[in-house]
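K.L.:
The listed protein sequences correspond, in order, to chains A and B. Our numbering numbers the first residue of the first sequence as 30 and each following residue consecutively. Our numbering numbers the first residue of the second sequence as 50 and each following residue consecutively.
Quick caveat, the hints were computed from the structure, so don't treat them as lab data. Yeah, the Cβ is synthetic: ideal placement off N, Cα and C, and Gly gets one too. Careful, some of the hints might be misleading.
A few chain A positions that, by computed beta-carbon distances, are all more than 10 Å from chain B [said to hold, decoys possible]:
#1 N88
#2 A94
#3 G107
So the derived label-pair ranges between C-beta atoms look like this [unchecked claim]:
#4 B:P256 with A:R92: 13 to 23 Å
#5 A:C46 with B:R283: 23 to 33 Å
#6 A:Q39 with B:P229: 37 to 47 Å
#7 B:F402 with A:N124: 49 to 59 Å
#8 A:I76 with B:D252: 25 to 35 Å
#9 A:K73 with B:R283: 50 to 60 Å
#10 A:E32 with B:V340: 52 to 62 Å
#11 A:E32 with B:G126: 22 to 32 Å
Some, not all, of what chain A presents toward chain B, calculated at C-beta under 7 Å [unchecked claim]:
#12 T33
#13 C36
#14 T40
#15 S43
Okay, here's what each chain looks like letter by letter:
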Amino acid sequence: MVETRHCEQQTAMSWPCAGEGGRTGDWRSMKPVLDPAKCIAAKKDSIVCMLCWVFCPDNVITRTAPPEIDLEYCKGCGICMEVCPSQAITMVPENEGQPALNVEETGCDV
Amino acid sequence: MTSNPSAVSVITGNKAAAEAARLARVQVVAAYPITPQSQVVEALASYVETGLLNAEFITVESEHSAMGVCIGASIGGSRVFTASSANGLAYMCEQLSWAAGSRLPIVMGCANRAMSAPWNVLNDQQDAMSQRDQGWIQLYCRDNQEIFDTFLQAFRLAEEVHLPVMVCYDGFILSHTVMPVEIPTQEEVDAFLPPFQSSTIVDLADPRNINPVTLANPRGNVEGTLCHGYMEFRSMMQRAHVDALTAIDRIDEEFASQFGRRTGGTTRSYLLEDAEVVLMAAGSLASEATVAADFLREKGVAAGVLGLRSYRPFPVEKVVAQLKNARLVTVFDKSLSYGYGGPIFIDTQAALFASEKRPQMHSYIAGLGGRDIKARELADAAQSSLDWLNEDKGPKEAQWLNLQL
Numbered sequence: 030m031v032e033t034r035h036c037e038q039q040t041a042m043s044w045p046c047a048g049e050g051g052r053t054g055d056w057r058s059m060k061p062v063l064d065p066a067k068c069i070a071a072k073k074d075s076i077v078c079m080l081c082w083v084f085c086p087d088n089v090i091t092r093t094a095p096p097e098i099d100l101e102y103c104k105g106c107g108i109c110m111e112v113c114p115s116q117a118i119t120m121v122p123e124n125e126g127q128p129a130l131n132v133e134e135t136g137c138d139v
Numbered sequence: 050m051t052s053n054p055s056a057v058s059v060i061t062g063n064k065a066a067a068e069a070a071r072l073a074r075v076q077v078v079a080a081y082p083i084t085p086q087s088q089v090v091e092a093l094a095s096y097v098e099t100g101l102l103n104a105e106f107i108t109v110e111s112e113h114s115a116m117g118v119c120i121g122a123s124i125g126g127s128r129v130f131t132a133s134s135a136n137g138l139a140y141m142c143e144q145l146s147w148a149a150g151s152r153l154p155i156v157m158g159c160a161n162r163a164m165s166a167p168w169n170v171l172n173d174q175q176d177a178m179s180q181r182d183q184g185w186i187q188l189y190c191r192d193n194q195e196i197f198d199t200f201l202q203a204f205r206l207a208e209e210v211h212l213p214v215m216v217c218y219d220g221f222i223l224s225h226t227v228m229p230v231e232i233p234t235q236e237e238v239d240a241f242l243p244p245f246q247s248s249t250i251v252d253l254a255d256p257r258n259i260n261p262v263t264l265a266n267p268r269g270n271v272e273g274t275l276c277h278g279y280m281e282f283r284s285m286m287q288r289a290h291v292d293a294l295t296a297i298d299r300i301d302e303e304f305a306s307q308f309g310r311r312t313g314g315t316t317r318s319y320l321l322e323d324a325e326v327v328l329m330a331a332g333s334l335a336s337e338a339t340v341a342a343d344f345l346r347e348k349g350v351a352a353g354v355l356g357l358r359s360y361r362p363f364p365v366e367k368v369v370a371q372l373k374n375a376r377l378v379t380v381f382d383k384s385l386s387y388g389y390g391g392p393i394f395i396d397t398q399a400a401l402f403a404s405e406k407r408p409q410m411h412s413y414i415a416g417l418g419g420r421d422i423k424a425r426e427l428a429d430a431a432q433s434s435l436d437w438l439n440e441d442k443g444p445k446e447a448q449w450l451n452l453q454l
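Sequences and hints are given; from them, build the entire structure.
P.N.:
Okay, structure coming up:
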């Protein structure tokens, strides 16, 4: 049996951290894929542009060259793709190239 | 500012509420006007304007916003106050559950008024009763002194058990009627009610997210400690409510030892010791029922009154202990759970079910939309229920008092 009382919280409360809002990556149906050949920061190997980092509502994109996307928490909203001036980011279906799931594999009790 | 010495003032219930909030040194007031509550916040606005009360008076565009402001201010560490009635309270509904779920010690006055439709501004208790399950403590007052005293106790209670408290008093019957009310000095109130210590500290050096999404199952926090899921928080809220029953009575005892008066805590009884017939009600009706009990006693009927002060939490053990030896309990509800019956009747009947010894119970619906209820009518109703019992007529349907249909 699990116990949760050690958190000693009387009301729901959390401290800012990655994944604070839950494993939001689970929500995703499309994932962003960054092409370094098109990304301005990657091509210049310098902290420039960074619009994807600025606009990511979940703060899952790093301020690096090239930017890295944490798919554990990226919820797949696609804003990075929209704001990218060089079309370096494309949204790709989550299970592209994978065989369609059947009932046994999902473990769902249908 | 020097405060006047403790004195008796002849004031309305609304003024008593405002005076209690002033002496409680509330720091933030946010409210929207609605009859019959408006005078409370009008008085508080003038106190703030004239420097009599050092508080922020925040004007808002609706009751929903008023409670939103109260929630924010309370989380920020302020002692907050608001008041509403009927449709205003209903408009606040969504925020009421946020206040309780956030375990904030907000104190609110509810000058009880009938819900529309049809439009009506007069008294019954449908407004507060309809908010029963939001997680707020609800206390009902019998007269203006009790309004004043209950508000002072409510701040102590709310801040101790971390639950919001709604202090309910009958619109117009109490809100607009003047009665003598003993007002203690600021020093006396300060001795009873220490400054508010917030449990939800907002600290810029330690930022936190209050009320993040909390789904069904417990989840690890940033340190890996497993934190409560939704059900755990709700279970703790229920426990706080049940524990509040003893806190309500204890705070009333402490109040009595300091001020020499008591509200009765969770219930207030009158001539119950040997009562064969008990009249039960909440609010001013419980006060009126004492006059009816006197009428019945004059006729040789051993009548008593159980005034319900705390509707949530419901004082099950105390109610059972005080009613189980009676032969008959007549419950007078000023509201209705449509499709079933009077809320106080339903709860009392359920509370008594587990008791081996229990009285017969008859339900009366009374005073909806301000329909006048005379003490004589309460006595006649109790007498007719007693006759019904004596004639062995079996179960009796709920009766609407003074219905002209």
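K.L.:
If a hint holds in the structure, say so; if it does not, say that too.
P.N.:
Here is how each hint holds up against the structure:
With a closest Cβ-Cβ approach of about 13 Å to chain B, A:N88 is found to remain outside the 10 Å limit, as its non-interface label requires. Its beta-carbon lying about 28 Å from the closest one in chain B, A:A94 satisfies the requirement of being farther than 10 Å from that chain. The claim that A:G107 lies off the interface holds: its Cβ sits roughly 21 Å from the closest Cβ of chain B, which is beyond the 10 Å cut-off. Distance hint check for B:P256 and A:R92: the Cβ-Cβ separation is about 20 Å, which falls inside the suggested range of 13 to 23 Å.
The hint said 23 to 33 Å for the Cβ distance between A:C46 and B:R283, and at roughly 25 Å that hint holds. Checked against the given bound of 37 to 47 Å, the beta carbons of A:Q39 and B:P229, roughly 41 Å apart, stay inside it. For B:F402 and A:N124, the hinted distance range of 49 to 59 Å is satisfied, since their beta carbons lie about 56 Å from each other. As the Cβ distance of A:I76 to B:D252 is approximately 32 Å, the hint placing it in 25 to 35 Å holds.
Remark: the range hint 50 to 60 Å for A:K73 to B:R283 is upheld by a beta-carbon distance near 53 Å. The hinted range of 52 to 62 Å is satisfied by A:E32 and B:V340, whose Cβ atoms lie roughly 55 Å apart. Separated by about 30 Å at the C-beta atoms, A:E32 and B:G126 satisfy the suggested range of 22 to 32 Å. With a least beta-carbon distance of about 4 Å to chain B, the hint placing A:T33 at the interface is held under the 7 Å criterion.
Taking 7 Å as the C-beta cut-off, the interface hint given for A:C36 holds, the closest approach to chain B being about 4 Å. Here the hint on A:T40 is kept, as its CB sits about 5 Å from the closest CB of chain B, short of 7 Å. Given hint, A:S43 at the interface with chain B, holds; its Cβ is 5 Å from that chain's nearest Cβ, closer than 7 Å.
Violated hints: none; the structure is consistent with every hint.
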